[in-house]
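All chains, please: the whole structure from these sequences, using the hints.
According to the numbering used here, the sequence shown holds residues 32 to 82 in order.
Treat the hints as calculated values from the structure; they're not laboratory data. Cβ atoms here follow ideal geometry from the backbone N, Cα and C, with glycine treated the same way. Hints may be right or wrong, so weigh each one.
[Claimed, not checked] Label pairs and their calculated CB-CB ranges:
hint, residue 1, residue 2, range
1, Val40, Ile79, 12 to 20 Å
2, Gly82, Gln59, 17 to 25 Å
3, Ser81, Gln37, 15 to 23 Å
4, Asn35, Ser68, 36 to 44 Å
5, Ser39, Gln59, 26 to 34 Å
6, Glu72, Leu49, 33 to 41 Å
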Amino acid sequence: MNSNYQNSVDNTGLCKQLLLETINNLSQKSHLTMDGSLTHEIVKLSMIISG
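Have a look at this one:
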């Protein structure tokens, strides 16, 4: 396998992990949203990222 391809796969996995951690942190601060609509969007986004 091409090492450049492997690096990009690793980086994609890392980006997903960082995004999911960020989303998780945001959802734990869901009291910052007035009606919970942001929380719903965060959940949808994390599902999309997770595949």
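Here is what the structure says about each hint:
Look at Val40 against Ile79: about 18 Å separates their beta carbons, and that is inside 12 to 20 Å. At about 22 Å, the beta-carbon gap between Gly82 and Gln59 stays in the expected band of 17 to 25 Å. Separated by about 21 Å at the C-beta atoms, Ser81 and Gln37 satisfy the suggested range of 15 to 23 Å. Distance hint check: the CB atoms of Asn35 and Ser68 are about 41 Å apart, consistent with the given range 36 to 44 Å.
Taken as a hint, the range 26 to 34 Å holds for the pair Ser39 and Gln59, whose Cβ atoms sit roughly 31 Å apart. Taking 33 to 41 Å as the suggested C-beta distance range, the pair Glu72 and Leu49 does not conform, at roughly 18 Å.
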